[in-house]
Amino acid sequence: MVDHAAKLADRAWSRYDRKEQLTRYAVYLITLMAVVWAVRDIDIFWPWVWDAPNQIQSLGARMWPPEFGQWNAIFSAMLETVHIATLSTMLTIFIALPVSYIAAQNTTPNKVTLWIGRFILVSSRSVNTIIWALLFVAIFGPGVLAGILAVMFRSVGFIGKLMGEAIEEIDRRPVEAMEATGASKFKVVLYAIVPQVMPAFFAIIILRWDINIRESTVLGLVGAGGIGVLLQGSIDLFAWQTVATILLAIVVLVILGEALTSVLRKKVI
Amino acid sequence: MLEITNLVKRYGQNDPVLKGLNLKVEGSSVVSIVGASGAGKSTLLRCINRLVEPTSGSIKLNGHELVNLRGSELRHSRRRIGMVFQGFNLIDRLTVMENVLSGRLGYVSFFQALTRRFPQSDIDRAFSLMERVGIAHYADKRADQLSGGERQRVAVVRALMQEPQILLADEPTASLDPKTSQQIMGLLQSLASEMSLPVLINIHNVTQARMYTDRIVGMRHGQMIFDGEPKDFNQDALDAIYGGIESPEEDGGDPEQQASPAPEATA
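Note that the protein sequences, when read in sequence, are chains A and B.
With the first letter of the first sequence counted as 1, position 251 gets the number 251 in the numbering used here; the numbers rise by one all the way through.
With the first letter of the second sequence counted as 1, position 238 gets the number 238 in the numbering used here; the numbers rise by one all the way through.
Everything labelled a hint here was simulated from the structure, so no lab data went into it.
Note that the coordinates shown come from a computational prediction; the quantities given were computed from them, not determined experimentally.
Please note: incorrect hints may appear among the correct ones.
To be verified - Derived list of chain B stretches under chain A, where covered just means 3 residues or more per stretch with a C-beta under 8 Å from a C-beta of chain A:
#1 96 to 106
#2 147 to 153
#3 207 to 221
Said to hold, decoys possible - Below, computed lysine to any residue pairings styled on SDA-like, alpha-carbon distance capped at 20 Å:
#4 A:K185 with B:Y107
#5 A:K185 with B:T115
#6 B:K141 with B:D124
#7 A:K185 with B:R75
#8 A:K185 with B:G149
#9 B:K141 with A:P195
#10 B:K141 with A:V194
#11 A:K185 with B:H76
#12 A:K111 with A:K185
#13 A:K185 with B:N68
#14 B:K60 with B:N22
#15 A:K185 with B:V108
#16 A:K266 with A:I255
#17 A:K185 with B:Q112
#18 A:K185 with B:R70
#19 A:K185 with B:N6
#20 A:K185 with B:K19
#21 B:K231 with B:H204
#22 A:K185 with B:R116
#23 A:K185 with B:E73
#24 A:K185 with A:V268
#25 B:K179 with B:S190
#26 B:K19 with B:V52
#27 B:K24 with B:N6
#28 B:K24 with B:I225
#29 A:K185 with B:R80
#30 B:K141 with A:V268
Claimed, not checked - Partial chain B-side listing against chain A, Cβ under 7 Å, derived:
#31 P16
#32 M83
#33 Q162
Don't be surprised by glycine CBs; every beta carbon is placed ideally from N, CA and C.
Only chain A is shown next, with the shape it has when bound in the complex (with noise of 0.2 Å):
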């Protein structure tokens, strides 16, 4: 009997042992430290913050109602948005289709493009539309055509990597049955290969294109082109009114491209 007692007591149990325990509550205190320690260090103004409504109130009463005086001005800025997006997405397929096919290990020829196709891609999505846009800036001086690179640029690391991740993902056998005709290996890449990925290139383009609409209505703000330009120079002569009916024009535009592009995804998919 005290045999079987004693073998209850020890069926004590815990979901974890002592050590694991001690691993939970250092990583819940280590990660308390850290929010305070960025909350201390960032040094906000907290007068500011309480005086955030009163702000908001005044802003708002400041922009309203929208100026359309300027419509002419915003409507061909808008347009220019939606051109540096447009080019920019298609001179990407050109850059991005042969990227994809090195950073990707089943067509990539050796282990040397693959590294080459795999750090161009990760270089391009490192660094953002905005930072690219400055550097293009500097170089070709402001305007549409460092808009267009700066996007172009961020693109080509998003759809080389999903194109990439669309060839990797074909079905063998088709490959297999070209090679067998004795097709050359572009032949195969043409008949086996693209047909495979075409909808994966479709949905990825199409998803691309709704992006870089979005990211090339603040290119401005740097200089390189499109509404943003219109938009900092509003501010900066505090025009809130012209400012609030840009801000609407940019969220006309951006709810177009989600409905044509959902529309347009049907469609191809």
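Following the hints, put chain B in place on chain A, whose structure we already have.
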């Protein structure tokens, strides 16, 4: 004429899958290759059109050595070797006609392939072959809309479009229902005699091998252990090839030995 001498294939450091295989196929005979999974049937077929690199040995097609060919020489030789696969290996999103014409990829230029502007003679050949196997009315349908038997017919026509000197079929009926697979076997048999084309068929179904082929080659552990006419293919031969139920001690050791190369051989 296909002449295979002392063919060896070894994957990595494993035991060889093919151990010095000799095989001679003459004229327009239909030869079936039977054997358990992992016996090396797929590897043998794939060595002929070099989808698999033979380790050593010689494969001659009409006196022309195929082993050690490189680049464009290899592609030119592959044009003369048609192949039909177990999974059909069609390009699903392309039309039946595009799939059929892809058999001509070794002959046309890249630009012709890109723009789908194949020579009229190719298109005529495609239509007459499709009519022969009964799929001409599907020409503009997408390949993935067809049934299994129809898809295999497309694959057969694609292989024949190459104007091959030999046709290889790697378990062409294994993905089909019994009735359709008989039709495909019958088709391969009659096409072989119509076009005086030698055909090599890997097959699991011994009954069909007996019915539709002129000669049966039995393989076991990478070696040929039977070669003869269907009428000589008796129970003893069957037991020898598939291990038989009567020899349990052999069964115990062998599957393990064959297990490792098997997935690679069929991949």
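query = Looking back at the numbered hints, which does the structure fail to meet, lowest number first?
reply = As far as the earlier hints go, 2, 3, 8, 19, 20, 24, 31 are violated by this structure, in ascending order.
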